[in-house]
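K.L.:
The chain contents come next:
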Amino acid sequence: MEFGRISRRNLLQGGAALTLGSAFGMGAARAADTTIGFIYVGSRDDYGYNQAHAQGAAALKKLPGLKVVEEEKVPETDAVEKTIESMINLDGASLLFPTSFGYYNPHMIKMAKKFPKLRFEHCGGLWSDTDPKNAGSYFGYIDEAQYISGIVAGYSSKSGKIGFVAAKPIPQVLRNINAFALGARLANPKTTCQVIFTGDWSMPVKEAEATNSLIDQGVDVLTCHVDGPKTMVENAARRGAMVCGYHVNQSPLAPKAYLTGAEWNWEALYPKFVKMIAAGEAIPNFYRGGLKEEIVKCSPYGEAVSAEARKHADDVKAKFLSAEGYAVFKGGQLDNKGKTVIPAGTDRGQKDPELEKMDYLVEGVIGATS
Amino acid sequence: MADGSIGLWTVPLAVFGGAIRVSTPFLFVSLGECITERSGRINLGLEGTLVMGAMSAYGISYLSGSPWLGVLAAGITGALLGALHAGICSLPRVNDIAVGIALMLFGTGLAFYLGKPLIEPTAARLPAIDFGWWSDVPQVRAALRINVLFLIGVALAPILYWAFKTTRWGLLIRTAGESSDAARAMGHSVLAIRLRATMVGGFLSGIGGSFLSLFYPGSWNEGLSSGQGITAVALVIFARWDPMLCLWASLAFGGAAALGPALQSVGVTSGYHLFNAAPYILTLAIMIITCSPKRTLTGAPAELSITR
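Chains as they are written, first to last, in the working numbering: chain V, 164 to 533; chain F, 1170 to 1477.
A couple of the hints might just be wrong.
As the list claims (entries may be wrong) - Below, a list of computed lysine to any residue pairs in the SDA-like style, where the Cα atoms sit at most 20 Å apart:
hint: 1; chain 1: V; residue 1: Lys-331; chain 2: F; residue 2: Ser-1439
hint: 2; chain 1: V; residue 1: Lys-502; chain 2: F; residue 2: Arg-1343
hint: 3; chain 1: V; residue 1: Lys-500; chain 2: V; residue 2: Pro-334
hint: 4; chain 1: V; residue 1: Lys-236; chain 2: F; residue 2: Ile-1245
hint: 5; chain 1: V; residue 1: Lys-500; chain 2: F; residue 2: Gly-1440
hint: 6; chain 1: V; residue 1: Lys-277; chain 2: V; residue 2: Thr-293
hint: 7; chain 1: F; residue 1: Lys-1285; chain 2: V; residue 2: Gly-508
hint: 8; chain 1: V; residue 1: Lys-500; chain 2: F; residue 2: Phe-1275
hint: 9; chain 1: V; residue 1: Lys-321; chain 2: V; residue 2: Leu-281
hint: 10; chain 1: V; residue 1: Lys-236; chain 2: F; residue 2: Gly-1440
hint: 11; chain 1: V; residue 1: Lys-236; chain 2: F; residue 2: Gly-1392
hint: 12; chain 1: V; residue 1: Lys-236; chain 2: F; residue 2: Thr-1438
hint: 13; chain 1: V; residue 1: Lys-482; chain 2: V; residue 2: Lys-500
hint: 14; chain 1: V; residue 1: Lys-480; chain 2: V; residue 2: Lys-500
hint: 15; chain 1: V; residue 1: Lys-520; chain 2: V; residue 2: Gly-452
hint: 16; chain 1: V; residue 1: Lys-455; chain 2: V; residue 2: Gly-443
Unchecked claim - Every beta carbon over 10 Å from chain V, so not counted as near; a handful from chain F, in silico:
hint: 17; residue: Leu-1182
hint: 18; residue: Gln-1397
hint: 19; residue: Ala-1403
FYI, nobody ran anything at the bench for these hints, they're computed from the structure.
Idealized CB from N, CA, C, for every residue including glycine.
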């Protein structure tokens, strides 16, 4: 079977080179023969992190000449190396997307060294110069979308109390919490954002308890950063609270309670990657972006969102999309203990490496990182 | 109060509400395991049964539109898994603990496999009965929205206590658990008694699972149980094989699970990992306090493989 595939590939390439001989012809022939492998750490229909990637993979399936192979529930161990090898050797994959954070080092790096002619793209990792050149890492500044959600939440909350169900106090999560709170305080400076950490990425009972506790405290708009937001969304909606989604659009779960949400936009990024490869361009090894770069997006507004909220959120969104951009984390920012965490006069833009080390909660957030 | 907040009252209310919301799966699994262990066998596979119950209840409720059919399906699935455990353990020289571990992995694996298409859809949920109609405080009303399964579980504990003590069936199960020779001398098949006891145990555990997927947290996903089944099996030892103590222990575990999030919500933020571990610390503490090197655990059925 393997030999059959190789000869078919050679035949196609040879045929294309003979008949067309142009760069366009080469590109088309290569695209027609590309198999792309996606590896997920959980289920691809979890209404969360993995589903976001699977939607990106689904966008690739629609393109002509591409074959997508997928494997779910692959643990962040040697198992992912075996999956990668079988995708390469049995399915002929030439572009691989191991999508979970723990796949990167050492597993994907090892595979990239072993197969130097194939391309590996990892979500969330930090590619450095010592890593193989055929490996890359991409990620999105989803805090920009959380900021927009925060603005909508600030207008929608009647009690002035919003809530955040979070997994662990790591920089990425803290950045989302802070962006959500800052957005809400832009809309209503008196808003407080209460955070509850559940301790792990998937703890449905704890997430439900956290949701109930927050609502018992008078919180009436919630969002979250856990692997599967379904539990929070459904339980909050049952208690009559409003929700902002995360990872993907959860509005089908709670059409009336869903305000907006911070979503990944992998269905825009992945076809872009494939196009770059087909055109012979190099994908930057370290690829980052936010709303403007179409790596993250906001869910469409729910019916409960007021015209005032829509307008303010759309204005800020337009600033994010503008050429000069917009900084969520501005100079003179205090944390919730009263300490200055960003010195006055220095705005921290999306790419500022200081933000990747975030270890504080901003003023207005009730909670602690430890 | 005007802003809808109840301040520090959140904590006792959350623990109370948590005791009702979170305890039901613990209660059903521990009562089921109580019956099984009283007959002289340990079924560690109940974690798998719980997850299979949750999955099949969600699936049937989704397909049929009736959550109660889902509960029934969960019970039947549990009973079948119980029969499988008992059947394998009926073979000579088979260790029930090893079979239990195998069935735990089998049950969770099968549930994840069959439950794959069920993660996305939303199934009909079990209704709640509103016991909080007398209160104006929305938080109290929310805490008192109680599911019928919880009430059935609470009623089941004293019924089982009574049944073990006074009925013929209770006596037979206890005989099989205390001395299989005595049961055989009475002309009963020990294996048949244990088969039935394990099936009933599985039936109850399956129903416990249906509560997870059909009421609280109320949807099917793979992290749903996160070890509640195995905790409930340990809880039986902790409760000394007494159904009434199983009830109190389940309530305590449910309340303890709510403690961590509730404390964080009122601003006690330090050491939340410790509060999240509260149920397990409680177990360890009680185990250490009540253990003795001089005798076997009081109340332990003599035929259990761990006490024999």
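K.L.:
Each hint needs a verdict: does it hold in this structure or not?
P.N.:
Hint check results:
Restraint check for V:Lys-331 and F:Ser-1439: the C-alpha separation of about 13 Å stays at or below 20 Å, so the hint holds. At most 20 Å may separate the alpha-carbon atoms for a hinted pair to count; V:Lys-502 and F:Arg-1343 exceed this at roughly 65 Å. Of the supplied pair hints, the one linking V:Lys-500 and V:Pro-334 holds, its CA atoms being roughly 18 Å apart against a limit of 20 Å. Restraint check for V:Lys-236 and F:Ile-1245: the C-alpha separation of about 28 Å exceeds 20 Å, so the hint is violated.
Our distance criterion of 20 Å between C-alpha atoms is met by V:Lys-500 and F:Gly-1440, whose separation comes to about 18 Å. Among the hinted pairs, V:Lys-277 with V:Thr-293 is consistent with the structure: their alpha-carbon atoms are about 15 Å apart, no more than 20 Å. Distance check on the hinted pair: F:Lys-1285 and V:Gly-508 sit about 52 Å apart at the alpha-carbon level, beyond 20 Å; violated. This hinted pair does not check out: V:Lys-500 and F:Phe-1275 have alpha carbons roughly 50 Å apart, beyond 20 Å.
Straight-line distance between C-alpha atoms of V:Lys-321 and V:Leu-281 comes to about 53 Å, which puts the hinted pair past the 20 Å bound. Our distance criterion of 20 Å between C-alpha atoms is broken by V:Lys-236 and F:Gly-1440, whose separation comes to about 31 Å. Taking the CA atoms of V:Lys-236 and F:Gly-1392, the gap is near 12 Å; set against the 20 Å cutoff, the hint holds. Among the hinted pairs, V:Lys-236 with F:Thr-1438 is inconsistent with the structure: their alpha-carbon atoms are about 33 Å apart, more than 20 Å.
Among the hinted pairs, V:Lys-482 with V:Lys-500 is inconsistent with the structure: their alpha-carbon atoms are about 30 Å apart, more than 20 Å. The suggested pairing of V:Lys-480 with V:Lys-500 is violated, with an alpha-carbon distance near 30 Å, which exceeds 20 Å. Under the criterion of a C-alpha separation no larger than 20 Å, the hint pairing V:Lys-520 with V:Gly-452 is consistent with the structure, at around 17 Å. About 24 Å separates the Cα atoms of V:Lys-455 and V:Gly-443, which puts this hinted pair outside 20 Å; it is violated.
For F:Leu-1182, the non-interface assignment is contradicted: its Cβ lies about 7 Å from the closest Cβ of chain V, within the 10 Å cut-off. At roughly 7 Å, the least C-beta separation between F:Gln-1397 and chain V is not larger than 10 Å, which violates its mark as non-interface. F:Ala-1403, annotated as away from the interface, keeps every beta carbon of chain V farther than 10 Å; the closest lies near 17 Å.
The structure fails to meet hints 2, 4, 7, 8, 9, 10, 12, 13, 14, 16, 17 and 18 from the earlier list, while all remaining hints are met.
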